[in-house]
Structure formats: structure tokens, C-alpha cells
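Peer 1: Now for the letters of each chain:
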Amino acid sequence: MTLQECYSIIGDYNDVMKRLPRETMVIKFIFKFLDDKSYDQLMTAIENSDYKAAFMAAHTIKGLCQNLSFTKLYESSHLITEALRNDNPDTALVDELAVKVREDYAVTAGTIRKFREEQ
Amino acid sequence: MHEKNRQKILIVDDCTVNREFLIDMLEDEFDIIEAVDGFQAMKIVREYGSSIDLMLLDIIMPEVDGFEVLAMMNENDLINDVPVIMISSENDDSFIERAYEMGATDYIRRPFNVAVVRRRVTNTLALHAKHKKLISIIIEQVYEKEKNNNMMVNILSHIVEFRNGESGMHVLNIFAITSLLLQKLTQKTNKYNLTQKDISLITIASALHDIGKISIPGSILNKPGRLTPEEFDIMKTHTTTGASLLEEIPIYKDDPLVKVAREICRWHHERYDGKGYPDGLKGEEIPISAQIVAVADVYDALTSERCYKKAFSHDKAFQMIVNGECGQFSPLLMECLTESHADIINELQIRSTEQMQEVQLQNIVDELIRCDETDYLINPIKQIEREREKSRFFARYVEELQFDYDCRTCIAVISEWGANLIGSKRTVLNIGGRDKCIINNPYINDLRNKLNTADRSNPDIESDIILETENGRMSGRIVAHTMWENDSSGYTGVIGKISDLRRIIQ
Numbered sequence: 000m001t002l003q004e005c006y007s008i009i010g011d012y013n014d015v016m017k018r019l020p021r022e023t024m025v026i027k028f029i030f031k032f033l034d035d036k037s038y039d040q041l042m043t044a045i046e047n048s049d050y051k052a053a054f055m056a057a058h059t060i061k062g063l064c065q066n067l068s069f070t071k072l073y074e075s076s077h078l079i080t081e082a083l084r085n086d087n088p089d090t091a092l093v094d095e096l097a098v099k100v101r102e103d104y105a106v107t108a109g110t111i112r113k114f115r116e117e118q
Numbered sequence: 000m001h002e003k004n005r006q007k008i009l010i011v012d013d014c015t016v017n018r019e020f021l022i023d024m025l026e027d028e029f030d031i032i033e034a035v036d037g038f039q040a041m042k043i044v045r046e047y048g049s050s051i052d053l054m055l056l057d058i059i060m061p062e063v064d065g066f067e068v069l070a071m072m073n074e075n076d077l078i079n080d081v082p083v084i085m086i087s088s089e090n091d092d093s094f095i096e097r098a099y100e101m102g103a104t105d106y107i108r109r110p111f112n113v114a115v116v117r118r119r120v121t122n123t124l125a126l127h128a129k130h131k132k133l134i135s136i137i138i139e140q141v142y143e144k145e146k147n148n149n150m151m152v153n154i155l156s157h158i159v160e161f162r163n164g165e166s167g168m169h170v171l172n173i174f175a176i177t178s179l180l181l182q183k184l185t186q187k188t189n190k191y192n193l194t195q196k197d198i199s200l201i202t203i204a205s206a207l208h209d210i211g212k213i214s215i216p217g218s219i220l221n222k223p224g225r226l227t228p229e230e231f232d233i234m235k236t237h238t239t240t241g242a243s244l245l246e247e248i249p250i251y252k253d254d255p256l257v258k259v260a261r262e263i264c265r266w267h268h269e270r271y272d273g274k275g276y277p278d279g280l281k282g283e284e285i286p287i288s289a290q291i292v293a294v295a296d297v298y299d300a301l302t303s304e305r306c307y308k309k310a311f312s313h314d315k316a317f318q319m320i321v322n323g324e325c326g327q328f329s330p331l332l333m334e335c336l337t338e339s340h341a342d343i344i345n346e347l348q349i350r351s352t353e354q355m356q357e358v359q360l361q362n363i364v365d366e367l368i369r370c371d372e373t374d375y376l377i378n379p380i381k382q383i384e385r386e387r388e389k390s391r392f393f394a395r396y397v398e399e400l401q402f403d404y405d406c407r408t409c410i411a412v413i414s415e416w417g418a419n420l421i422g423s424k425r426t427v428l429n430i431g432g433r434d435k436c437i438i439n440n441p442y443i444n445d446l447r448n449k450l451n452t453a454d455r456s457n458p459d460i461e462s463d464i465i466l467e468t469e470n471g472r473m474s475g476r477i478v479a480h481t482m483w484e485n486d487s488s489g490y491t492g493v494i495g496k497i498s499d500l501r502r503i504i505q
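Those protein sequence lines, which keep their order, are chains X and Z.
At position 17 of the first sequence (counting the first as 1) the number is 16 in numbering that gives the first Met the number 0, and the numbers step up by one without a gap.
At position 307 of the second sequence (counting the first as 1) the number is 306 in numbering that gives the first Met the number 0, and the numbers step up by one without a gap.
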């Protein structure tokens, strides 16, 4: 799998290459994304109804998606960030959006892992 | 690698990957310090202070967020020393506005464009460095100016003392006593609204209190015994003479220093109960500057040896003044004298001229930086504006094409008359380009060759040219001056004019 093929599943290859100077930098940082703990923190925080911590984690995921042009995960992480922004979030909505984030994260992280194994 | 002169950038973000992103973009050129949250950022900022050249600050962080870091930097006055670029994916305008209001210099939104982030960082650093340099130039100039002022005042007062047969210490002592009394007075009350600037004015002007003595005959001035009533009347005129001397200065008579000096000259022999001279002013009718210098003058006269008397001890002099043996002074000033007497004794024994001036100057400079920074910054900018207006004005009335070309930006600016002649805008991009070349072709190569022969010691060239103008082809003569910077290998700009313009009849 090429980086371009990897991005055809998880995001926008042209957009990331416009902003970052080299493929090697993109590859370095999509691998770092796999080590980032924000996703686990988000899920644990929602389980514990700690919505403040959930907001922080969701916000971080959203920022990473923006920088790496992960369009798929960006959409759902953006929606959940906004849902978590106020102090008393709509918990039903948060749970519903969390399902979508879980799905998108699985696809994104899974695809990157597969890409890494083939390197 | 930590080279000595690399600039330091503090990156504050709770997300490791985000920090690494920025580090990756910047570590080639800069030394990087990392903070994983706002709390750590505050600690680092307190520790390093203004040795941090730039801060990149995330807004949303757990516990202490970016706004709280900005608030702390405002409280500690660090916001003016360390430029801050905010970084966030928050696109809400109210966030951005709030960041700017709290003193952030710039705002970068995610997603990052590597080239843009680098450019903004270097621009902010360059701008800040310029700002710092300007301030230091201004401080140096003000410092130099004030030093010269003090020196002139001192020379003048020494001339008076020299004639008086005094040691020259009198002026220095008055300077010290006046300064101490003023400091004490402003601690106790603000009824006189004295600023730090007023204090330095009064202190400097105190040196001039006796300049009127220049008109008193030496026989009276240096008479060893008691003066006769007639002689004393003449002696008294040194107050009014001093004041009118300053009044008649043609240019500076409205200068704050001269005004204060005039008050002091005329009224430093007035007394609080109205029994002084020359005007018999009473109480607060006497300006506070003159009241203070009066006390200082008497104190120093008592503790110094003169041709007609021996020196009294500090304690004896103090008692005599407080008991009213040298006339009545304001009760408030007597409190000031009582409370600062120990300091006065100390100062008169240890201080040298230079030290006193250093302290005064530092106070003035501090005050300038605090209040009038912008005023002083605007002046050089106004001067540049003036120069520009001047050259625009003259260029309008000369029938020649004047131009100013910058090699780095490839932009030429042409005088109004010239631009009209060739039917172009006043600012022309890429002047040598193919599509809109104002100079007819064979001549541009000739011009280029001539310019290439110019060097630092022979920067001027001349050449004939043909111009395509609104009125057809014209011949002219170009005179140009190449500009060189300190370490540039080639010239960095060309200024010049095309004159002797004549229509070519086909």
C-alpha cells in the first residue's frame, strides 16, 4: 500500500501534501498518531461520565485529524467535541457520536497499522 | 545542538504529537523548550523571563489553559517582552479576539501549513527584535541628552560658586538634600502632584538657585565681615536678577526646567510666615520647588564654612532650622527634614556627583519607558513620513522620471510625473520583465551592463536610453546610484532619474 492509497481510505492525500513538505514527515506523524493516548482517554472519560476530560481528549483528536488531514475521523471527532463543549452535554447524543468516533478511529488506525506493516 | 546565539522558542501544548509537529518544523533553526501544560509553561516563563524569544501557546489545555498563561504574563509584565503566537483549532472569532486583547501577537489555526508556520515565527521574531532595538536606541539617546543637560547646568552653577569663592560642593549638597526632601515629601503626601519627572526637574534646577549672584559685586559677595544694610539690599537682588536672567532667555523661557529654575531663583529666600524676600510671599503662595530648595540652601549654608562663619555640626544646623532661627518653613517640610535627617547626613558624606546623576538619569529613563514609550517611538516614524512627503513634493515639480528599485522584491517605485509620462502605475513589479518593459530593449541590456560595472566605491552610472511614452518614443539620459548594504555581495537597490527627455521625431 502506498501512502496515497492509505489516505484514499482515511483522508485527503493532496491536502496533507500541500501543507507538509515531505511524505516522510507525513509518515512519521501518522505513526505517532497511533501512539497518542487521546482516543483511549476519550472512551474512558465517556464511560466514567467525566465530560470535561472527554472534551479535552476529543478536542485533541480533532486537532490531530486537522493537521494530518484525516477527513473521516475529523468529522465525527469535531461533532463530539462540539457536543461535549458545554457543561451539561446531551449524554444520549454523546453516546451516539461516540459509536461513530469508535468506528472511524478503528478504520483510521487500522489502515495506518496495515500501511506500517507493509513498510 | 545548542549554539550560543540561537533564539529560544517555548512550545506549550498538552498533546505530545502536536508539540513534536512544531518541533519538527522549527528545531533546525531554533532552540526549543517544551511545556506539557499551562502550569509548566508558567513555571518556565517565570524562570527564563525575557530570554525566551517567542512562545507558541495552545489554548485548550487541562487545568491551566492558554488564556490563564496570558493572564499571568500580563500580571508579571512579561507580555511585552515575550511575543506569543496562539495555536488552536478553535475557529470561533471570540477566542481569537480574546487572545489578541490579552496581548497575543498572532494566531495560527490548525491545520498547519509548515511553510506558513515557519514564516510567521520568523516574522514575529524579526519584528520583536526591531522593536527591542528601537527602544534601546531611544533610551541611549535620552540618556545622553539628559547627561549633557546636567553637565551644562553643573558647569553654570560652578561658575557662580567659583566667583563666590565656594568649593563647588554647595551645588552638589543642595542637589542631594533637595532630592531626599522631595522623596520624603512625595511619600507623605500627594497634595503637590509631583511626578518623578517633576522631582528630577526641581533637583536639577536647584543647582541654578544662586545664578543671580553673578551680578553682585565681588566686594560684597566675598566680604568677610557682616554686610551693611545697603550691602545686604544689594545682596538680596540676586533672587530677582536670577529670575529675570532666566526670563530673558530668548528660546527656552517656556521650558519646564527654566520655569522651575525661575521659581527657585526668585523665591528661595521667601519664608513661610511672609518674612522672607524679595516678594514677602506667605505659606503655599511660595512654590513647593522654592520652599524645598530654601531648606536645602539654609541647611548647607549652616553646615559649610564660609568667609564670614565657621561650619556648624549637622545636629546643630538641624536644631537651628527646626527652632526657626533661620526663618519659618512649612511644618510639613520640617517633618520631612526630621524624618530624612539621618539620610541627609549619610548622603552628604558618601555621595559623589556622578553617582547622584546616575540615579537621577535612571529615574527619568524609567519614567519614559513607563509612560511615554509610544510618544518617543512615534517621533522617528514621523520623521520618516516627513522625508517621504518632502521628496514626493519635490518630485512632482521636476520634469524627470525618478525611480527607486529594490532588487530583493523586484519592485520599482516611480515618481508621479514619470508614471504619468510612461502611462504606468507608480509601483511596478518586475520592471525588467518582458511583458511591460518601460525601457526599450537594446538599451536595457546596455543599462544592465553598466550597472554591473558599478561597485561600492564607484556606485554611480550614466547611460542613454529610449523610452516608450504616452507621447511616443522619447530619448533621455539616465543617471543611477546603486545601493549597497554592509555585507551584500551585489547591490541591493538602484535609485535614479531619467532626464533630458526629448521626443524622437520619426
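To be clear, the hints were calculated from the coordinates, so they are not data collected in a lab.
It should be emphasised that the depicted structure is a prediction, and the values quoted were computed from it without experimental measurement.
Where hints are given, some of them may not hold.
[What the hints assert, rightly or not] In the BS3-like style, the derived pairs of lysine-lysine whose C-alpha atoms are separated by at most 30 Å in a straight line are: (1) K144/Z with K129/Z; (2) K31/X with K129/Z; (3) K42/Z with K36/X; (4) K31/X with K7/Z; (5) K129/Z with K36/X.
Peer 1: Just to be careful, I want the Cα atoms of K31/X and K7/Z compared with a cutoff of 30 Å; is the pair within it?
Peer 2: Judged against 30 Å, a Cα distance of about 25 Å means the pair holds.
Peer 1: Between K129/Z and K36/X, does the CA-CA distance stay at or below 30 Å?
Peer 2: violated (42 Å)
Peer 1: Quickly compare the C-alpha distance for K144/Z and K129/Z to 30 Å and report which way the hint goes.
Peer 2: Holds, because 23 Å separates the two Cα atoms, which is no more than 30 Å.
Peer 1: Would you check the hint for K31/X and K129/Z, treating anything up to 30 Å between C-alpha atoms as holding?
Peer 2: Outside the cut-off at roughly 38 Å; violated.
Peer 1: Does the structure keep K42/Z and K36/X at a Cα separation of 30 Å or less?
Peer 2: holds (25 Å)
In this structure, the hints that do not hold are numbers 2, 5, in rising order.
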